[in-house]
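S.K.: Residue numbers (my numbering), protein chains in the order written: chain V, 132 to 457; chain H, 132 to 457.
If you are wondering where the hints come from, they were derived from the structure by calculation, not from laboratory data.
Errors might be hidden in some of the hints.
Remember, identical chains collapse to one label, so a pair may be satisfied in a single copy or spanning two.
[Said to hold, decoys possible] Lysine to any residue pairs mimicking SDA-like chemistry, simulated, CA-CA at most 20 Å apart:
#1 148 to 364
#2 166 to 271
#3 166 to 246
#4 373 to 415
Since this is a predicted model, take the numbers as computed values, not measurements.
Letter by letter, the chains look like this.
Number of protein chains: 2
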Amino acid sequence: MTLVRDVGEQGVLQKLKAFCPSDVIGDDGAILALKSSESLVVTTDVLVENIHFSDRTTAPEDIGWRAVAANLSDLAAMGATPVGLTVGLSLHGEVSLDWLDRLYQGLTACTSTYQTAIVGGDVCRSPVVSLAITAFGQVAPQRAIRRHTASPGNAIVVTGDHGSARAGLELLLQDEIPQDLTPEQRQTLIDAHQRPRPRLDVLAPLYALLGQQGCAGMDSSDGLADAVIQVCRESNVGASLKAEAIPIAPELRSWVGVERALDWALYGGEDFELLLCLPPDMAAELVQQIGGNAAIVGTIAGDRAVQLQTGDDWQTLSQQSGFQHF
Amino acid sequence: MTLVRDVGEQGVLQKLKAFCPSDVIGDDGAILALKSSESLVVTTDVLVENIHFSDRTTAPEDIGWRAVAANLSDLAAMGATPVGLTVGLSLHGEVSLDWLDRLYQGLTACTSTYQTAIVGGDVCRSPVVSLAITAFGQVAPQRAIRRHTASPGNAIVVTGDHGSARAGLELLLQDEIPQDLTPEQRQTLIDAHQRPRPRLDVLAPLYALLGQQGCAGMDSSDGLADAVIQVCRESNVGASLKAEAIPIAPELRSWVGVERALDWALYGGEDFELLLCLPPDMAAELVQQIGGNAAIVGTIAGDRAVQLQTGDDWQTLSQQSGFQHF
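Looking at chain V on its own, in the form it has when it is part of the complex (with noise of 0.2 Å):
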């Protein structure tokens, strides 16, 4: 097994340069053109090896898959199509060749899928593996998707499926295989989570129906409470759910029962989907184009409170301090 400190950084760069658009090598940085009456989106993410990502339980192709989508649901979440991505690698030399072109294989497959590339980045050396993406695209300055303009009796629009991400590592953390799932139903959560999907096909038919206005909205990746709780605060209004309107995938409330399911829809995180906040007939008009299980799960309120509705109960949610970090 050939290892990075066996090939040096010029044998490092030679391998990755493979994985870049030949053009926009050489340079100090990148050129890249952009659509004249747009402006850039910027969002940039940071990577730990044995904090976001681990090898014991993840192939290095999925920790590339995912780090890209994260960024790219990033810029879904600002309404803007992706321009490109830089890729800041720290590795040591214990690292193997093959892993790195794992890591870049997953990296790739997920920017050519959204019609995107690595167009620029850097390697250097760390005793811990990382990867610091940056994520760039453009969106029309009116048209962005922002968390601050939401406005009360708009409907609260999800775009798919919530819990499934969760769902997936649980089942990639336990030994045992559930009796109550097929092999079709577990790997269709576990896909969930090692193969989260952005949502950039949201945009086009988002912007047909709103023309040249924005709308308020976010992605899901903290989880929906969050993203629900993120935008109201924001725009200093609150919200209304519905948990039965929550679009949870059916082998999921089988294998785990209606709550547990319900917990990993608002808490779980990383399904990669978007919370928007439309004018009520928009809304309906687009679950429906989007189709999947895009709903609407609630409607925007004018008090500040977020609250959930579970049949005859009403509960508040409130912001987790779940990720305090240090």
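Starting from the structure of chain V, add chain H where the hints point.
M.R.: Only chain H this time, still in chain V's reference frame:
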């Protein structure tokens, strides 16, 4: 002393928000307007604790300044004006808030000096502190400075002194203070290392001379020899350089002698000046307009050899294999 682990992620984010323009915070990404006729230029760098910087030799303010300066120099090297940059910060709980504050003081001292700003970022936990910076700029595409467009007959301009950054590092690493430098001279060399100045100021006079055309060039961050060799390789040309013409600070020459000073100028790196290849008359005019220690140091030649003339001696420069980081 308050540590990162005492305040958690929210506490860190709260602190860092103060260093970003308030209108770009709160969404999944930042939205930036570009001039409509210009292309986007992107460059990225990762810096790792104890590899690219160390608290033992460098104050956090200087780590921050240098990190931004290196990226802005890459933009200048492409002829691009900065639009903004993102900072992906990896840190652990034992980092002090004071260190973090001083790091961001340094980052923003450099961004504000060059009329740009931190427009996005990510903070994550890692056992190793690192900084991943991606800088964005804009340039009219026909004006971009590229490495592959040097032509035989071009004069080779460097925008200022070389070797001083390497000398400053040497002074910081030495315990003894050399007797043959005044305190002011010593500080000048140390400043060259700690507070390098990306040569964005060169772009306006350069463009005034060039009109709508571009020119070949890059920055000298990996040493003057490397810059000449890279441009020649990408352009399929050679060069002849005159050692006596290379601008070297007089205090450096008198401190370490001509030979070592020249070695540091050619191979020391991190001077962050620009190397530009221009028609001779335009080169002379640019050198005069920039002033300082800008100089014409040689000529682009048709064959592929890169040669250095020292008195009557000629030597061929070749890429040192010095950057095998693993």
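S.K.: If a hint holds in the structure, say so; if it doesn't, say that too.
M.R.: Evaluated hints:
Taking CA atoms no more than 20 Å apart as the test, residue 148 paired with residue 364 passes between copies only; the shortest distance there is 17 Å, against 43 Å inside one copy. In the homo-oligomer, the alpha carbons of residue 166 and residue 271 lie at most 20 Å apart both inside one protomer (9 Å) and across protomers (13 Å), since each shortest distance falls under that limit. Taking the closest pair of Cα atoms, residue 166 and residue 246 come within 20 Å of each other only inside a single copy of the chain (16 Å); across copies the shortest separation is 24 Å, beyond that limit. In the homo-oligomer, the alpha carbons of residue 373 and residue 415 lie at most 20 Å apart inside one protomer (16 Å), although the nearest pairing across protomers, at 73 Å, exceeds that limit.
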